[in-house]
Every structure is written in structure tokens, then in C-alpha cells.
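Novice: So the chains spell out like this:
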Amino acid sequence: MKSLMYFAAVEFPDDPNVAGRKYWYGCPFEDAEPGDEVLAPLGRHNNLQRGVIREVRFSKDYEAPYPVYIIKYIKDIVKKQGACSMYKIIEKRELNPTVTMMDIYAPLVARKAEPGQFIILRVDDEGERIPLTVAGYNRKAGTVKIIFQVVGATTMKLNEKNEGDCIADFCGPLGCATETEGLKKVCIVGGGVGCAIALPVAQKLHELGCEVHSVIGFRNKDLVILEDEFAACSDKLTIMTDDGSYGRGGVVTEPLKEALASGEAYDKIIAIGPLVMMKFVVATAKPFGVPVTVSMNPIMIDGTGMCGGCRLTVGGKTKFACVDGPDFDGYEVDFDEAMERGRMYSAFESHAREEECNLFKKEVK
Amino acid sequence: MAIEPKKHPMPVQDPKVRAHNFDEVALGYDEKTAVAEALRCLNCKNKPCVQGCPVNIDIPDFISKVKESKFEEAYEIISKSSSLPAVCGRVCPQETQCEQKCTLGIKFEPVGIGRLERFVADYHNTYFKGITAVPVSNGHKVAVVGSGPSGLTCAGDLAKKGYRVTVFEALHLAGGVLVYGIPEFRLPKSIVKKETDALKEYGVDIQTDVVIGKTLTVDELFEMGYEAVFIGSGAGLPKFMGIPGESLKGVYSANEFLTRNNLMKAYRNDSATPIMHAKRVAVVGGGNVAMDAARTALRLGAESVHIIYRRSMEEIPARREEVEHAEEEGIIFDILRNPVEILGYHNPENKRDEKNGFVTGIKVIKCELGEPDEQGRRRPVEIPGSEYVIDVDCVIMSIGTSPNPLIKSTTKGLEVNRRGGIIVEEQTGKTSKDGVYAGGDAVTGAATVILAMGAGKTAAKAIDEYIMSR
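From first to last, the protein sequence lines are chains L and W.
Each residue of the first sequence is one higher than the one before, counting from 36 in the numbering used here.
Each residue of the second sequence is one higher than the one before, counting from 290 in the numbering used here.
Pulled out of the complex, with its shape left as it was, chain W reads as follows (with noise of 0.2 Å):
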């Protein structure tokens, strides 16, 4: 049988309807969709997907089932290596990991692994009816900090293991960027709030509204008895770019825009939690965050949505169908520019006029790409003499966080480098304080899910032997 040589393409919703909606924007493939997608994986020897996955699932092997139609057994393979499979299949960039080296990938389009994963995990969490076996406990304790990707993962592959897990989270509920970052039209919380449901069932014990470093430090985990911390505090303050006029109404971070639609549920008319329906909005950064803040504007009911990248579309680094989904809801790309400053309305005549200190428009500066830089990525170069003011009502800054503060000033013996990030040792996790484990965006900096997911794999392996060897 001939190969397709392109993958089954993603049902969607039509951009039209979907820009004013927050409802899923890809609405996944169905049995007979994912069984033929299935079909065009070669099955190959080396297995060269696994080595492109940082939780390496093994994913011929699932896939093979899927061929068969066994959906369940896939799934069990998947949950072997991976806690939150509905969750990956939907936020990887697998374009740059597992589907990059698919061999299919050197002549067509790599098998659609993402949309296989998601597949098989909506499959399991529509169909299982069944007990989770909740593993017998060994009567170890250890401390996650934080419950987003990394910290469900460390807990998920500890508890299964025996350990009993307790999970501090800070805001009051549990998911961390996946609840107060992802919107919904691309990580439905419903999923998110299944998946944790699933961690409990194992026995892990979620504790929200504790903030470590403050309700309780490092040091107390480990007088309660606690053998083991990892930190999963993830990514901290929001970095602002220093121009004028970065205090105006009108100018978030995306993590406030964000947290206040996706966690705060503020694109809901009956939410009590305030937000701008600006009617046009710039949003300056190039990531997947930006891509997030952009669209949620969109559906807010925004007339038109720019975003402002400094390098060209061959730099960015959001991912691509992220982009391309953007693009087809009509965001518009101002590439190769750089804000200098936030204007704002000012009423001289009168100092009560309701619209003094709101945005009114960004001004921008052209650039081309000049040397490469340490990265090897093209370096933006000003055009002097090239501003001009785009006429905006909000302003999204986008442009990364810097880790957060609050766990390294209250725990002794804690490095952390230059930028604030926790320093490990890559292959474990460990950090320089004895017991103590990190991982996620709290020791690289803004980075992906599946990264973050990595690490928290790799620091339960290395929290497991440091138990087990006392």
C-alpha cells in the first residue's frame, strides 16, 4: 500500500466563527481519522521519534495499537512515560521533537504524533470507566512545589512508585501555567482538571493557597517529615522592556492578561474579575505566550490584534500552528519592529477627564537583521529615523519572566545563577541544598510544557534512588 504523503489534516473550527469563541480551536481526529494516521507510521527498528521526546514515550509502540484499534493499550503505554498525555498532545511543539525525527518525515510529512497522543488520551478520558490501581504505599514522603507541568510529573511518577506525594500550589487551583496560562481555545481546563483528578486517584495530595517561601519555607517541609522538596515553582515576574509609558491603563503583562481570562474566567460575562475588551491591541514578543495573549484579545472582541516581533518570521519562536492559526484568525504580524514608547491621552484642560492615562498608541521602530548573535539567531538592527505610532488602545508585553524570588531569599543553601535561576545538575535535578530537587521553567527560564514535564521526570528518578540509598 502507498504511503499517504501527507498527514491527516486537523479538524478545526472555521477561524471566522472560532475568533469570537473560546471554545477549542482544533477539535481532534476521530477513531477512523486516527486509525488511518496511524497506518502511515513505518514502525521503524531505531525508534528515532523516542530520542525527540524528552519524557521518551515509546511511541511506535503505542502507535501500533492504535493501528489495531486497541485504544486502551495505547493509552497504557503513553501513561507509562508521560502524566498528562491529553495535555502534551495539545501543547507540544512536536514539529521540533518527535515528529522532526520521524523518518517518514525525510521524504512526506512525519506521522501526526501530537494528534495521535491526543487522540488516545481523549479516547481514555471519554471511555475509561475503570479503578486506577493505586500502587501500595512505601512510606515515604516527599514535597512537590508547585503544580504545574513539572511538579504533576514528578508527583504522578513518584506516587506510582509508592511514594506519599503532597503537591503545595500557590494559587487556588492546581495545573500552575496551564490553568493561569493556556487559554481555553487551546487546552480546554477541563482536561487539565481531569488529568489532576487522575494524579489524585494515585494518592497525591494537591495542598492549594500555600505559598512556599512564605506560608511555609523549604526547611519546614522538611521538619514535617518530608524526606525529598522538589521545586516547580516555575517562571516568576513578568520582564517589562523599560520605554516610557509602560505604566499607563491600558498596558499588561501577559501573564496579568492572561491569569485574569484563563484563571480569573474574565472572558465570562457573569466572572468578577475585570478586564479590558480593547478594541485594538499590540502585543510585543514573538512566543507562544504572545501567540495565547494575542488570540484571547481576539476573542474578547478586538477589532484588530497586532503583534510586534523584532526579528523576522524565520525567528519566532512560537509554535508553528500556533502561528498559523493565529494567522488565519487575522492577527496581524508587524515583524522586524521594536517599540520605543507607550503614548497615552493626557487632557491638559482637565485633570478629572475619565481617558487621562489610558494607551492611545505604541510608536514603533523598523529593524533589520544584521550579525548573527552568541545563539546564531540574526540580531535586529534599528532603521534610524523609521518610527511611526500604531494607533492602539493595549498594550500586552510579552517578552518573558525572570524566576521567581520568593523560595531562593527564604531557603539556605540554595544557588541560584546569574538570571535567578535554581542550579542543577542536569542528569538529576539536584540542587546544592541536600534533599532539595528542581526543575521547569524555576531553573531554565521560560521554556515548553514537555521540558518542564522532562524534568520532573528526571528529578523523581533521582529523588527515588537518593531515598532509597539512605
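Extracted from the complex, chain L is given alone in its bound form (with noise of 0.2 Å):
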């Protein structure tokens, strides 16, 4: 007996009579996908008609849309509808000039992501795997929401898409989730766009009962991004600019070292951004003793365990950050190598922006 499978809700825009409704189905194909077109039983009589799939969610029986003992079962896909794969851009907006974040239709995923998991996508078929850490998730709507900042050319190309838009691959979730039992105080450090990662730590946290404290840090104004989900999920929240032009001047490092120092008792601290960022948090953190956990974003390619490109050096040995990771004890880490590492493509990265502007440069004229 099945007790795991999948659902597709069935519109069908022929019959008058249920034309704009949607009737949940047992699906027993995998491969099903919205718009899809399908034979299904319909009505009293159960005779077959022709619908399209809107919606495919994947669940336990006992979360089932429809009561699973009297469901009845799509009984052939009769069209697959094409180009568009599963994973389509269902919302898409700015957060700043230089951060995007995105809702993205991938219901497997969806189901089991956590907090300080990541998945891997690739935007179209010829283009490279990029993990990209999970920045929230809607189970029941199964999409996953990530945040990306536009920095080489992979980033740039999947910002080109818009709603409706599909991207190739997106696999996950991957990596380990970030660990939050037992945790009664801690404090969120987050620092320009890993504060998209940072959150829905934050936020699993605050319904947990925690007490959250953020520090959230960004280079100006402009670039602050989620002060009100970050506003919603703290007992107390610090934003900090480099230029001071928005909340407090300064660095992160500093809202925390006071607080440190005040003798606020955090049982952990977690640090989400910039490298130096958490080696900087990490050795702040060192003279009170409080434990640092620290999310690592290194190079990656299969992201599953295979090609060791993400291997990081972890109390003196060596790690892999997709399946050990992506969250160390941050004063294992070795920063200063992990800094080294990530720099390692940095020529071919720039070039490839360099190529692009050439090629708008080239479009004006």
C-alpha cells in the first residue's frame, strides 16, 4: 500500500460544467508536470475527460489534499507539455539593485528542506552548477525560496529570468540543516546577502521559543534587504551600515561585542556571510567562550559528495561542505585558506563579466 505519492490538482477547460475548478487526483505517474494534459474519471459516472495539471504536490496520505480512501487516479498523461520543466519562477523581486530572490516550483524539495540547507541549480542546459543555500520554503505551495546576489555569470543569467520563466536543474536539498534543538538564547549574525540565509535560521529559532537577537550588516542603505522578516522573527534587532548611512555605523562585530561584554548569555552564536565577516565574529566571540557555528559557501560542483571541490581544512582535517557542512564550529575553520580557495576562479569570473558588458557595449552602437 502507498502512503507517500503524488497529487495533481486537475482543471478541465472543456467541460462547462467545472470549467475554472480545480479536483485534487491520485497521480500515479512521476514524471507529471502543471500543464500537463491528462485523462481523468470525472463525475458520478467516472467518465473520462481531458484536463490539464495546475498543481503536483507530493505528501503522506494522512496530509493527502483529498481523502486518499475515496481519491480517484488520473489514468494517463496524454500530452506532456514540453519545453518547460518542473521548475518554474513562480515570484521574482529586487531587494536591492544587486539581490534578487525567487520562488522557485520544486515540490520534492520543498518537502524536506531546512534551514542551512542548500540546493544546486543550473539555469539552462548548458550552463554550470551553482549551490545556492535555502532561504526559506512554502511546503504546502512546494516552492523554495532563494536569494542570490548578481556576481558572475551564472547569477546573471538566471536574474534574466521572470515569472513564469523555468530553469533547468534544481537539486536538493542538499548538505546538513543548521542545528537549533535546544537552544533557549542565541544570537544571528548576518552580513549583506547571507542574511537571506540567516533567516530562516532565525525564524525556525523564534518558533521554537528561542530568544533570537540579529545582527544584520550591510555595506549602505541601498543594500539592506529583509529588515521586516528579520524584524518579525528577533527579540531584539541591530542593522548596521559600513557608512552608517542606515541604523548604526560600524561593523557587526561591534553590536556584538557589547552585548558580549554586557553579559548577555548566548548559548550559540551563528554567523551567515562574508568569510571575513565570520572570522572576525569567531574571534570576537573566542574571549566569552560562546560557541560560533558558521555557514560555509565554498566552490562546488555535484554538491552530493563526489567531486571534493568544496573540501575545506576543519580542526586539521580535511571536510567536504556538502555532506559534512555547510555549517562548522567556526573556530575550527580555517578562514584564511577557505578565502585562499574561493579566489581560485576569480580571473575567469571577471573575465566573463568583462565579455558580457563588451557585448552590450556592442548593442549600443
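Mixed in with the good hints there might be a few duds.
If you only want the chain L side, here are some residues facing chain W, beta carbon under 10 Å, derived [claimed, not checked]:
hint : residue
1    : K37
2    : M40
3    : Y41
4    : Y122
5    : R146
6    : V158
7    : E163
8    : T189
9    : C206
10   : R346
11   : L347
Treat the hints as calculated values from the structure; they're not laboratory data.
We treat Cβ as the ideally placed atom computed from N, Cα and C, and that holds for glycine.
With the hints as a guide, bring both chains together as one complex.
Specialist: Here it is in C-alpha cells:
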């Protein structure tokens, strides 16, 4: 007996009696996608009618969208919807000029994703595989939120996609989830686009009843993201900008140091952001002996523990961020080495950017 | 008619030309040569070659069809036993399998069985225009984890028996090591695609981007109605030596170097995935993967490529043809050498020097062969004081892999051995968990394509018996 299966919401546009309504069916076809045309039994007489799948859900029988003991099953897929794959961009929003948020339809990933885990995506069939940390998920709607900074050729290409477009691959959730169990009071330190990854961790801790203090830092006012979201899940929120154009001026370690010095008893500090920021958070926390978890985001290819490109030195041992991480004990990580390795392809990336710019120039002519 | 003492030579691209392109090295027999080579087969009664084949292809039978120029019939005979003939004809170590057992080989060179298999498969792929007969479904569902050689074989065999098979692949492309590991010049990816497409025609459903152990667990596959699961997830994390300098920029694992190049096509100018085009390269290790990495580095434009191997040419584990091809192309074999340190650039004056942290050389120590170890291979013994430095700007570590931890850490009741390999019954591939079977590198650690296929085949038979007996 199946207890875990696909369900599909089907619309029958050809039948005037039910047009505009959606009905949930059991779906025995694992490759069913929204947009597929199917044959399904409809009405009292169970006449087979042609309909279109509008939504696919993957869940346990007790979470089924319609009681499983009376649900009907799709008979057949008549027409695959073709070009567009599963991974549709449901929502796209620019958080600031260089940071974009997207909700991607990927029900299998959404079902399992936890804060701290990451996904690997490819924009198109010729594209590079890049890791992005999960910035949120909606299990019911089957979407996973990603937030990315436009820095290289691939993120540039991803940013050109709009709502309704699809991306070629979206694989996950990978890596280990951030450990949240048993924490009573935590300081979340986020830097720049790293705040996007820190947010779901803060939200989860908040839900679990943990006292959350957040310190988030940005270069200037224009780059501040997710302020409202952090405010909603933090018991105390400090916003820092390097140039003082918003919130408090300075770097994130300043308020952290003050809090620690004033005797705030954090069980843990979770730092997510640029390597150099995480390095200094560790240095700040060390005299107070508070444990620090950092989230590493090294260069990756497969993300499943096969290539070894994401290796780091942690506690003198070689570790792989994709299967052992991405979270590590901040005191053990060799940050200098990680920073060095992160620059391996910087020449290649800047070359890609230049090429893009030259193309633009040509078009302008 | 007197027997030709030697195999008909395999036409190959000129070494000087091929060292700079990614086209296939061996070009394959034409029809005339294939028939002439087939005629060398004595068609012996006891068929020793069949015993040498891990998937027991009826070799003399298919060769006698080649003799009669009935190539399509020959293909049918091979495909009864092998799901991936075009692949095996290219990458199997025939010299230690079927061809080693060949009766002709006692006095002369053995029949070129691998070359004939490749010819027959290529002939079929080029000329066959018919429709594959899809077997009638028996209503049972089986899940296969991993679309490498063992998974595809298991899936193919079960699909031919009427099972509805779904293959789950973590990467975006089916083929496993055949697409990310073995380079284009040894196994063109178009051939792998043809073989996987052929399986799809048999009704096998291949789901990419699904990581079993993460996206779905093995237990969830059972909950989804699959009656049995075959795990062919392959080898996992690359091993490193633990010597200083392994984290320098320019040090790759062979897996990373080959994945960037083969799966992500980094050798092409239009690829979005970067790779280092190093001038002087050292590859550590002596297996097939090391040969592949070395020859790939050469084709990416390296001026010199060293293979650093701690034993002698006698013990080198790579397929003989690959070693020969590598030598012809100008790869330097530094045998009886063991790396002790990788050296990097460091400018104390300028911390922002762009060259900081990049590899500049590899320090190796000379070895001599000592007493044989447990496996009978002579152990390399380092000669004290014999260290010297080879100037290189890229080091590729190709010293093996350890099994991927994702499945064992998320599957209750699945026992693994000390090295992390899944424990199975050898005759059936059955694991300690009911309904779960395994095979290939996930069980044995790094081995060959054909051994993995043999394991997939064994498991398919056992899965069929298991489901039918329920």
C-alpha cells in the first residue's frame, strides 16, 4: 500500500460545468508536471475527460489534499507539456539593485528543505551548476525561496529569468540542516546577502521559542534587505551599515562585542556572511567562550559528495562542505585557506563579466 | 587457412594530432576488418571467453554472426546479456577478462573481442531504424538509485522482464561515471546518450536531480509503492594523501577535474564552468582515472604532464591500452615516486599578489620495490634523502575514493563495512535490509564499469526472484 505519493490538481477547461474549478487526483505518474494534459475520471459516472494539471503535490496519505480512501486516480498523461520543466519561477522580486529573490516550484525539495541546507541549480542546459543556500520554503505550495547576489556569469543569467520562466535543474535539499535543538538564546549575525540564509534559521529558532537577537550588516542603506522579516522573528534587532547611512554605523562585531561584554548569555552565535565577517565574529566571541556556528559556501560542482571541490580544513582535517556541512564550528575552520581557495577562479569570473559588458557595448552601437 | 597471429590493429588518431583534441582516440574497425578479425575466432566448444566475461556474453556466437556479416543478429546476441555494448566495447579491460581466456591467445594474440563488440554496437547504433519491442508490463515497480553502469544494467534487465523501473539520478544527466568520469576522447557522450535513450524506449523512467538519501530516502521509495530498491550510487568522496599543500589553488581531485571537463564541458570555450589550463601538470596515481586525468590535462594545453606512481610499470593498475595511448601522446611516467609535499607560491612582501596560494611544484621521494603485501603486490619503500621537486602548476590527486555517506546515513538497517561499502550477499546483491539490493562501486569501492554491470545484472535476477516469490 502506498502511503507516500503524488497528487495532482486537475482543471477541465473543456467542460462548461466544471470550468475554472480544480479537482485533486491521485497521480500514479512520477514525471507529471503542471501543464501536462491528462485523462481523468470526472463526475458520478466517472467518464474519462481531458484536463490539465495545474499543481502537483507530493505528500504522505494523512496530509493528502483530498481523503485518499475516496480519491480518484488520473488514468493517463496524454500530452507532456514539453519545453518547460518542473522548476518554474513562481515569484521574483528585486530586494536591492544586486540581490534578487525567487520562489521556485520544486515540490520534492520544498517537502524536505530545512534552514541551513542548500540546493544546486543550473539555469539552462549549457549552464554551470551553482550552490545556493535555501532562504525559505513553502511546503504546501511546493516552492523553495532562493536569494542571490548577481556576481558571476551564472547569477547574471539567472537574474534575466522572470516569473513564469523555468530553470533547467534544481536539486536538493543538500547538506546538513542547522542544528537548532535545545537552544534557548541565540545571536544571529548576518552580513550582506548572507542575511538571506540567516533569516530562515532565525525564523525557525523563533518558532521553537528561542530568544533571538539579530545583528545584520550591510555596506550602505541601499543594500539593506529583509529588515521587516528579521524584525518579525527577532526579540532584538540591530542593523549596521559600514558607512552609517542607515541604522548604526560600523561593523557587526561591534554590537556583538558589546552584548557579550554586557553579559548576554548566548547558547550560541550563528554567523552567516562573507568569510572575513565570520572570521571576525569568531575572534570576537572567543574571549567569551561562546560557541559559534558558521555557514561555509565554497566552490562546488556536484554537491553530493563526489567531486571534492568544496573541501575545507576544519580542525586540521579535510572536510567536505556539501556532505559534512555547510555549517561548521567556527573555532575549527581555517578561514584564511577558505578565502584563498575562493579566489581560484576570480580571473575567470571577471573575464566573464567583462565579456558580457562588451556585448552590451556592441548592442548600444 | 593459416591463422593470422596478430589482432587486426585498431585504427587510431595520430598521437600528435589527438593530443590536442577531444575527439575519440580509437576510430573502430570497418566492416571488412571486423569480418577478417572475426574469422580468427576458432569457435571453441568450451567457450573459455564467456567465463571471462562478468556479464557472460555468448562471445563465440556473436562472433560467428559477424563472420557471416549478420551484424544486426550479432547485436541481438550481445544485447541479451549486456545493456551497454557500445560502452563495454570501449572501456572494458578485455586483456584481463574475455581475451585473457581466449584459446588463440595461448599461441598468438587473442581475438579482438572488445573491438568486435564495439563494432557491432556502433553498427547497430548507426543503421538500426526499427522499433524496439516494449515488453508487456507485469505491474511491479522497482526503483534504481544511480544511473551509472550498475544501475542502468539492473534497470535494463528488469525493464526487459516487464517491470516498471524508475532510475533516480542525483546529477542533471544520466550515465553516472560514464558521463562525469570517462572523457569524451575515450567514450563519446553521444554514445552514452544513445544507450540511455535505448533504455527509455524499454520504458525505463529516468528522474534526474533526485538525490536519494536527501530528496527522498530509501524508506520513502518503499512508501511510494516500489517493491524493491537497487542501490548503485557509485563511489563517493575523493581521497587525499594528507600531505602539506593539498589545499593550495591548483590542486584538484581527479573527480573534480574530470567532472568539470566531462560533465560540465569546461574544455569548450563556450562553457560556463571554469577549469585551470595548466602548463605543467602532475597526476598522482596509476589507475584508469589517473590516465584519463593526465590525457585530459594534455588536451587542455599542458606542455608537460607527469604521472607520479609509487610502484613500477608492472604494477600499474590502468588498462594496458590506456597506458600505451598515454605514452604515445607524450605523458611522462615518473614511476617509483611518492609525493611528500605540494609547494605553493607565497609572496611575503605583498599579501595581495595574485599568484599567492597557487601551486608551484610537487616534492617527491624516490621508492624501490620491497616485499609483496597481502595482495601480492610489491610494496614501495621510500629511499631516504632522495627527495626532489618537479615544477608544476597543477596537481591532480587520483588515489581513489571512499563510498558516499548519504544513503547509509539515512537508511536504517543497511549495514556497511569498515570502509563504508554496503555489505551484500555476493550471489544476489542482497543487502541486510529487506528488498534492498546493491552493486557496483557503492559495494566494492572503485572498480571497473563491467564489474559494476555484472553486479547490476546479478541483482536484477535476484530482484525478479524476490518479487515473484512474494
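Novice: Run every hint past the structure and note whether it holds.
Specialist: Hints and how they fare:
no.	hint	in the structure
1	K37	holds, 4 Å
2	M40	holds, 6 Å
3	Y41	holds, 9 Å
4	Y122	holds, 8 Å
5	R146	holds, 8 Å
6	V158	holds, 9 Å
7	E163	holds, 4 Å
8	T189	holds, 6 Å
9	C206	holds, 4 Å
10	R346	holds, 7 Å
11	L347	holds, 8 Å
Figure legend: structure checked against the earlier numbered hints; every hint is met.
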